[in-house]
Amino acid sequence: MTDTKTKSAPKKREIPAAIILTPAAEQRITDLMAKAPDDAIGVKLSTPRRGCSGLAYSVDYITEEVPFDEKIVTPGGVFYVDGPSVLYLIGSTMDWQEDDFTAGFVFENPNAKGACGCGESFTV
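Per full-length UniProt numbering, numbering through the sequence shown is continuous, rising by one, with the last residue being 124.
Everything labelled a hint here was simulated from the structure, so no lab data went into it.
For clarity, every value in this text was computed on a predicted model and none was experimentally measured.
Any given hint could be a false lead.
[Claimed, not checked] Dumping the calculated DSSO-like pairs for lysine-lysine here, alpha-carbon to alpha-carbon at most 27 Å:
id : residue 1 : residue 2
1  : Lys35     : Lys113
2  : Lys35     : Lys71
3  : Lys12     : Lys71
4  : Lys113    : Lys71
[Stated by the list, open to error] Distance ranges between label pairs, derived from CB positions:
id : residue 1 : residue 2 : range
5  : Lys113    : Lys11     : 32 to 38 Å
6  : Lys12     : Glu65     : 18 to 24 Å
7  : Pro75     : Gly54     : 18 to 24 Å
8  : Gly104    : Lys11     : 39 to 45 Å
9  : Thr102    : Glu65     : 29 to 35 Å
Using N, Cα and C, we set each Cβ at its ideal position, and we do this for glycine too.
Based on the sequences and whatever the hints tell you, model everything.
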């Protein structure tokens with residue numbers, strides 16, 4: 001007796017992005033890329049050591065891709081997450097908020113265990 005079942009190719013699992021961008025954050029990336037320097041290929045989020053709590057969020061233009069950086073393609077440009085920073089940011093949401101007095105990216109980071117009083121830095 002022969003087996004009439006056919007083997008199907010294994011399903012490829014979609015890997016979620018390390019960080020979720022809200023529509024407002026995606027729009028801000030679009031706005032930044034519209035006025036970016038000519039050699040900029042995108043914007044990159046990193047977590048340099050800074051501030052009273054240890055790590056801070058930093059968003060900057062970049063001119064070349066770096067191996068192991070997370071690459072997120074948005075409608076208005078490419079957003080990168082620094083490879084070494086990904087571990088501190090997995091599951092985070094990045095938003096852009098502005099009001100009459102301030103404007104900036106705001107992060108909801110489930111990995112942050114504490115933050116300084118001014119909100120400039122965090123600990124994991």
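Hints, verified against the model:
1. Distance restraint check for lysine 35 and lysine 113: the Cα-Cα separation of roughly 35 Å exceeds the 27 Å cut-off, and the hinted pair is therefore not satisfied.
2. About 20 Å separates the Cα atoms of lysine 35 and lysine 71, which keeps this hinted pair within 27 Å; it holds.
3. Distance hint between lysine 12 and lysine 71 is fulfilled; the C-alpha atoms sit about 19 Å from each other, no more than 27 Å.
4. Note on lysine 113 and lysine 71: the hinted pairing holds, with a Cα-Cα distance of about 26 Å set against a maximum of 27 Å.
5. Restraint check, lysine 113 to lysine 11: a C-beta distance of roughly 36 Å satisfies the suggested window 32 to 38 Å.
6. In this structure, lysine 12 and glutamate 65 meet the distance hint of 18 to 24 Å, their C-beta atoms being roughly 23 Å apart.
7. Distance hint for proline 75 and glycine 54: a CB-CB separation of about 34 Å, inconsistent with the stated range 18 to 24 Å.
8. In this structure, glycine 104 and lysine 11 meet the distance hint of 39 to 45 Å, their C-beta atoms being roughly 40 Å apart.
9. The hinted range of 29 to 35 Å is satisfied by threonine 102 and glutamate 65, whose Cβ atoms lie roughly 32 Å apart.
Consistency with the previously given hints fails for numbers 1, 7, ordered from lowest to highest.
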